[in-house]
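Novice: Protein sequences, first through last, are from chains A and B.
Taking the numbering used here, I'd label the letters of the first sequence as residues 1 to 108.
Taking the numbering used here, I'd label the letters of the second sequence as residues 109 to 222.
Keep in mind that the hints were calculated from the coordinates and are not lab data.
Do not take every clue at face value.
Claimed, not checked - Derived DMTMM-like pairs: lysine to aspartate or glutamate, alpha-carbon spacing no greater than 20 Å straight-line:
| id | chain 1 | residue 1 | chain 2 | residue 2 |
| --- | --- | --- | --- | --- |
| 1 | A | K15 | A | E67 |
| 2 | B | K179 | B | E123 |
| 3 | A | K9 | B | D146 |
| 4 | A | K22 | A | E32 |
| 5 | A | K57 | B | E210 |
| 6 | A | K9 | A | E80 |
These numbers come from a predicted model, not from an experiment.
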Amino acid sequence: AQRVTQPEKLLSVFKGAPVELKCNYSYSGSPELFWYVQYSRQRLQLLLRHISRESIKGFTADLNKGETSFHLKKPFAQEEDSAMYYCALGGTGNQFYFGTGTSLTVIP
Amino acid sequence: DGGITQSPKYLFRKEGQNVTLSCEQNLNHDAMYWYRQDPGQGLRLIYYSQIVNDFQKGDIAEGYSVSREKKESFPLTVTSAQKNPTAFYLCASSIWGGATGELFFGEGSRLTVL
């Protein structure tokens, strides 16, 4: 079964501290993985995808097939990073599967 | 202003009534999706369409119906058969139907059943 797990519903870090949002997936094929972000009063939008291997707003995410993980990381959190983050998997049947989301709060 | 437009933003309905949520996109995208967002449950797929006049059920299609008569439009009807319709509904589109591309989301519609 295809599934995305985000174990933390809420995560708080201090400004300038490193942040890691966890994402684990279950998928038998070659996964397409994404992180989406929703800032306050804004639409849900793509933050990054594993295939691009790029850093967006200082965030990176590495696909670890052995651990079936796609954790989102940033070395120094900023207040503007406070948002809701969703990990998503592109699976069979042309469907996207989303995790339950992690609400990140960066404390000034 | 390009993008996805959902209407209405807020909708109230009485039990037993059907209601239709509108989703329009001017991005020339082939694929469109409807998700339901409930607290603590993330986004769950209701229906999706990869091309005009074709659509497939998602994980929670019961009590919902859709149509895709035009490329730009993908309305969702919440029928009286949907047991727990109060929720936040998100429409999205992507340039093609494969689950590899970026999803573009609307601002959402919040439905409350009284």
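Novice: Each hint: holds or not?
Specialist: Hints versus structure:
Of the supplied pair hints, the one linking K15/A and E67/A is violated, its CA atoms being roughly 29 Å apart against a limit of 20 Å. Distance check on the hinted pair: K179/B and E123/B sit about 31 Å apart at the alpha-carbon level, beyond 20 Å; violated. At roughly 13 Å between alpha-carbon atoms, K9/A and D146/B fall within 20 Å of each other, so this suggested pair holds. Proposed proximity of K22/A and E32/A is supported: the alpha carbons are some 16 Å apart, at most 20 Å.
With a C-alpha separation of about 17 Å, the suggested pairing of K57/A with E210/B holds against the 20 Å cut-off. A distance of roughly 19 Å separates the Cα atoms of K9/A and E80/A; the hinted pair therefore holds under the 20 Å criterion.
Going down the numbered hints, you'll see the structure goes against 1, 2, while the others check out.
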